[in-house]
Structures are given as C-alpha cells and as structure tokens.
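J.: Sequence:
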Amino acid sequence: MLAGHPGSITCVDSTYRVIAESLFPSHEMDANKAPTLAAVENFADILGIGGEFKHLLQENDAGSEFRRFLAHFQNNLALLISKTWVEKSDEDKKERLRRKLPGLIKLIEKGDYEDALLEFGLILDDLAFLFFGSQSLNADFTEYALRIDTQIGLFWWYGSQLRARNLKIDSAVLRALLLIGICYLTSF
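In this note's numbering, the protein residues as written are 5 to 192.
Do not rely on the hints blindly, as some may be mistaken.
Listed below are the simulated SDA-like cross-link pairs for lysine to any residue, each with C-alpha atoms no more than 25 Å apart in a straight line [claimed, not checked]:
#1 K110 / I127
#2 K97 / L134
#3 K97 / Y148
#4 K87 / E99
#5 K37 / G54
Hints are computed from structural coordinates only; laboratory data are not their basis.
Starting from the given sequences, assemble the full structure and let the hints guide the process.
T.: Structure below.
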C-alpha cells in the first residue's frame with residue numbers, strides 16, 4: 005500500500021523497506037534528501053544485481069566493457085519491447101519506445117546523467133504500460149507490482165521515484181541511480 009508521500013512503501017518486508025527508504029525517504033521533511041552511494045549500492049543488492057552493479061560502478065563510461073554492457077542493455081530492452089504482446093492500438097507505443105533507446109544511450113555516453121535519468125524514467129513509464137497495461141497508470145501500481153514479486157515491485161517503485169523527485173545531486177550518484185535500472189533491465 006502507498007501511504008502519504010509517493011515514496012512510502014509499507015507493504016514490503018521491513019528490511020527491504022528500510023533499505024528502499026534510505027535511497028528515497030518517504031517522510032516529507034526528508035523527501036528531497038539526496039541519496040548516497042552506499043544507499044544506492046544497498047538497493048542494488050536487494051534487487052539482486054549488486055555484483056554486476058558494483059563492477060560497473062567502477063568502470064569508466066568510455067571503457068570498452070561499459071560500452072559492451074550498454075549494447076547488451078539496449079539489445080535486451082529492444083527484445084523485451086518487441087516480445088511484449090499488446091493490443092493493436094498500442095503498437096505505436098512500442099515503436100515510440102524503441103525509438104527512444106538510442107537517445108538514452110547517447111545521453112549516457114555523454115555523461116549527461118541528469119537528462120538520462122529523466123529520459124529513463126519516461127522509458128520506464130512506457131515499459132510498465134507495455135508489461136502491465138492500464139494497471140501501470142493506477143495509483144496502486146507499486147502495491148500491485150510488489151504483490152507479484154518483491155524485487156519487481158521495488159524496481160517499479162524505484163522508477164516512480166526517479167520521476168517524482170528533483171534529483172539535482174552529485175553526478176556520481178546520478179550515474180549510480182541510472183546503473184541500477186540499466187543493470188536490472190539487462191538481467192531481466
């Protein structure tokens with residue numbers, strides 16, 4: 005269940021909730037508190053991507069291993085998009101989403117993490133609609149996703165937080181926040 009601030013997640017195990025809310029606090033007075041790298045790393049761990057995330061966090065964006073990983077991310081996301089069944093009327097959403105991917109990759113390669121996170125949040129909105137249909141537009145979508153699977157729910161909660169917050173924070177933390185989503189979707 006969502007309660008109070010859009011960052012509140014009360015229907016998950018208390019350990020997960022503590023870790024998630026250290027990333028994006030749910031209390032109004034802490035809502036604009038910047039996440040730390042440690043909080044981002046802990047969140048990656050509860051999503052099951054901690055090892056890969058920490059490895060990529062050490063990589064330079066210009067490095068060949070990181071570029072290969074971005075190519076895997078782009079290919080996997082394109083595959084997820086193309087393999088998702090939607091109503092005929094929603095086919096244009098799939099195509100628009102596919103066209104957004106190269107722009108996101110360019111932003112990441114430029115190191116423009118603030119704009120990349122904004123674009124990534126929009127991509128996640130579209131992707132959630134492809135996966136879950138109109139349920140993704142409901143106020144209780146996070147609760148719905150959490151009932152399906154805790155990690156999946158926490159991932160979609162993370163995506164909602166990217167859009168709900170003003171993330172004017174350190175570039176290294178912005179990059180780390182972006183890597184969470186990239187790692188998760190690459191291993192999805």
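J.: Would you mind marking each hint as holding or not holding in the structure?
T.: Against the structure, the hints:
1. A threshold of 25 Å between alpha carbons decides the hint, and for K110 with I127 the separation of about 14 Å falls inside it, so the pair holds.
2. For the hint linking K97 to L134, the alpha-carbon distance of about 8 Å falls within 25 Å, and the restraint holds.
3. With a C-alpha separation of about 22 Å, the suggested pair K97 and Y148 falls inside the 25 Å cut-off, and the hint holds.
4. Pair hint K87 plus E99 holds up; C-alpha atoms about 12 Å apart against a cutoff of 25 Å.
5. Distance hint between K37 and G54 is fulfilled; the C-alpha atoms sit about 23 Å from each other, no more than 25 Å.
Hint compliance for this structure: no hint is broken.
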